[in-house]
Amino acid sequence: MTAAIIILTSLALIFGLALGYAAIRFRLEGNPVADQIEALLPQTQCAQCGYPGCRPYAEAIAADEVDINRCPPGGEAGIKQLADLLGKEPIPLDADAGIEKALPEVAIIHEDICIGCTKCIQACPVDAILGAAKKMHTIIAAECTGCELCIPPCPVDCIDMIPVSIDLSNWQSDKPVPITTISKQLSSADNAGEAVA
Amino acid sequence: MDHSSIESIGKYLHNFPGGLKLKHYKALSCSKPLPAQQLPLSQEYIIPVSQHLGRPAEIIVSPGQQVQKGQQLSAPGKASSTPGTYVHAPTSGEIIAIEQRPAPHPSGLNSTCIILRADGKDDWIALEPVADYRQLSRQQLIRLVQAAGIVGLGGAVFPTDIKLQSGAGSIDTLILNGAECEPYISCDETLMKQDPEKVIQGALILSRVLDIKRVLVAIEDPMDACSQKLQAGIKTMGAADCIKVVRVPMLYPEGGERQLIQVLSGTEVPAGKLPVSMGILVLNVATAAAIKDAIIDGKPLIDRLVTVTGAGISEPQNVVARIGTPIADLISFCGGYTPGIASLVMGGPLMGIGLQSDSLPIIKASNCILALTHADISSPQVEMPCINCGDCVSVCPAGLLPQTLQMVIRAENFEALEELNLDACIECGCCDYICPSHIPLVDYFRYGKSEQRVRAVERKQSDLAKLRFERREKRLAKQQTERRARHLKRKQALAGSSDKKDSVAAAIVRAKARKQALTAPHNSDSNTGSGEADGI
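So the protein lines, in turn, are chains X and U.
Going by the numbering used here, the first residue of the first sequence is number 777, and it counts up by one from there.
Going by the numbering used here, the first residue of the second sequence is number 52, and it counts up by one from there.
No lab work stands behind these hints: they were computed from the structure.
Built from N, CA and C at the ideal position, the CB exists for glycine as well.
It is possible that some hints are incorrect.
Stated by the list, open to error - Okay, the calculated beta carbon distance ranges per label pair: (1) U:Arg259 to X:Leu906: 18 to 28 Å; (2) U:Leu518 to X:Ala908: 19 to 29 Å; (3) X:Lys910 to U:Gln191: 48 to 58 Å; (4) X:Ala909 to U:Glu466: 44 to 54 Å; (5) X:Asn946 to U:Glu466: 17 to 27 Å; (6) X:Thr914 to U:Val555: 44 to 54 Å; (7) X:Thr914 to U:Ala475: 24 to 34 Å; (8) U:Pro436 to X:Glu852: 21 to 31 Å; (9) X:Gly874 to U:Ala507: 23 to 33 Å; (10) U:Ile559 to X:Ile889: 56 to 66 Å.
Unchecked claim - If you want a taste of the chain X side facing chain U, the calculated C-beta under 7 Å gives, among others: (11) Pro901; (12) Glu924; (13) Leu944; (14) Gln948; (15) Pro952.
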């Protein structure tokens, strides 16, 4: 009886110490779930979800404080990816947060109207606006995430959103449309012939 | 690096998986020798700045400027990661505009073009031929190749200088690819028949640049005349110990870089790796000839051999065309269209791209202009469901599973594409050709590839945005702590100054006391001594 108690107690002690040591030695830094969620978010930093950036939103999702459908730039595809990751059902985008844009957009400053107030520079979450006080500002299009946070602070309404221009560097092939009826296709072949002639 | 497998390269021939035996129509354009009469000068040349994938080069001329034939018009950009290649003026004349024009590209989109109006003089810029290329170092030769704007002329237009740079010192075999496998194209065959010395000289220069002793010129089995001319050329130039001609069986897509290596060495180039990793470099025969022109004659790449062929052309033939020549000029030189013309293709019938109009220019990639008639084009077929017959798998030269890929892409399951190695697809069109259900497989693969590319770019952009956001947060936090520290300091300074105030007040009190002491004697004369002494 006593032997059993001694053995069990000492075993409990040994395992307890081992676990305690492992908890300190192999401690994970940060929040791995939030990291994985953040990797799926589009990093627009637009705050449409109600959190001040993608990281805080990822942390809130990880803590199960908020639904996964509050990211308009990520859109339905983003929600589906989040649902896959978290083992949840995909739900439609929350219209309160905003609507998904059909085409990616970037901001543009009408430079002849800009008065150089620096308000947009302070609002830009990714430092994509270049300028100084009383000097014209301009947007570094390659770094603009299209978050629209610079538009409300502008006192002269000189910032617009324009769709990203399609050129040879970012051109995309279309998904093939299955041919269902031949007559349609024939007429387009005729057009091609005319264009050549 | 284990090169044992390529020791016997070219000695025995091997097979690559799949492939198609296609009926050839090369005799259409290849039976005649090159025309004695040169292509007349066009009025206007349209030179797209970007003639290859990636960012365009920087333009170094401006509208209104007079340029000489062969003058450099653009230079590789400094900032871009994929450097553009030089383009040169195809003739002398005036730059009349730099504007957006449609270029031969599957998208049909506009790209920046330099428009040159010919002055008819066709004056060369001062050329700097190299008297003896053996005197130059490897790097000097590669720089000359870059300055001449040479790109792969087989159709892939990869900058040759970059290829040579990557291969220099690490390869031991150069394969010159003359195995044109597309049914209509014959420009390389014509080049080898007309100018075998040019190709051989190019090969000798390349063997010097790459410091190798083995060059294989791969040609297709039926190219008898080519083989004889090349052999004779090699003999007269005394290069028999270095250059060998290998005839490979006629099978589409034998001319693909990876397929050709597999036929010659029996080893497959691993997916995601380049032939350089196996010690092999593949260049087109026309590229070798262009290198000879660039080094020995000092001439930049301003023209190329183009096959103008198809039942839609009155006199199919091979023509030396300047880069930038409107295709319409080339076609009228070849007798114009025949009545049945239905469509115009740049490249071969399997891998070529459809052209929207014949006002587009010839570019460095234009190896063939193919005019097809209604009789050539099979009428469009209704796409039927995939029946899993496996025909596409048996013809795929890259050993992929086209039907699985097609289903995955149709379902937009792009994550799965990486495992299925979509990147290894060379878009040869064999699966398309063989499919009994008429599924446009290559169109699906192009869509899948471009979707993968766009996703990679988006990932990169979002990583950049994240980095910028984090840096900004850090900077703002730093600024705030600094501001706080500054406020604290100022407060302390203010607190410190209150001590000073006290001392000032004390000093004022002392001074007042002294003043009082001074004025005291005037008030009462009886008080003497100490007050006076203080005043002094």
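Hints, verified against the model:
The hinted window of 18 to 28 Å between Arg259 (chain U) and Leu906 (chain X) is violated, with their beta carbons roughly 49 Å apart. Between Leu518 (chain U) and Ala908 (chain X) the beta carbons are some 23 Å apart, a value that agrees with the proposed interval 19 to 29 Å. Range check, Lys910 (chain X) to Gln191 (chain U): Cβ separation about 52 Å, and the 48 to 58 Å hint holds. Taking 44 to 54 Å as the suggested C-beta distance range, the pair Ala909 (chain X) and Glu466 (chain U) conforms, at roughly 47 Å.
A beta carbon spacing of about 21 Å between Asn946 (chain X) and Glu466 (chain U) agrees with the range 17 to 27 Å that was offered as a hint. For Thr914 (chain X) and Val555 (chain U), the Cβ-Cβ distance of about 53 Å falls inside the hinted range of 44 to 54 Å, so the restraint holds. Checked against the hint of 24 to 34 Å, the pair Thr914 (chain X) and Ala475 (chain U) fails, with Cβ atoms roughly 43 Å apart. Distance hint for Pro436 (chain U) and Glu852 (chain X): a CB-CB separation of about 27 Å, consistent with the stated range 21 to 31 Å.
Between Gly874 (chain X) and Ala507 (chain U) the CB atoms are about 26 Å apart, so this pair conforms to the stated range of 23 to 33 Å. The hint said 56 to 66 Å for the Cβ distance between Ile559 (chain U) and Ile889 (chain X), and at roughly 58 Å that hint holds. A least Cβ separation of about 5 Å between Pro901 (chain X) and chain U falls short of the 7 Å threshold, and the interface hint therefore holds. The beta carbon of Glu924 (chain X) is not positioned within 7 Å of any beta carbon in chain U (closest approach about 14 Å), and the interface hint is therefore violated.
With a cut of 7 Å, the hint placing Leu944 (chain X) at the interface with chain U holds, because the nearest CB-to-CB distance is about 5 Å. With a least beta-carbon distance of about 5 Å to chain U, the hint placing Gln948 (chain X) at the interface is held under the 7 Å criterion. With a cut of 7 Å, the hint placing Pro952 (chain X) at the interface with chain U holds, because the nearest CB-to-CB distance is about 4 Å.
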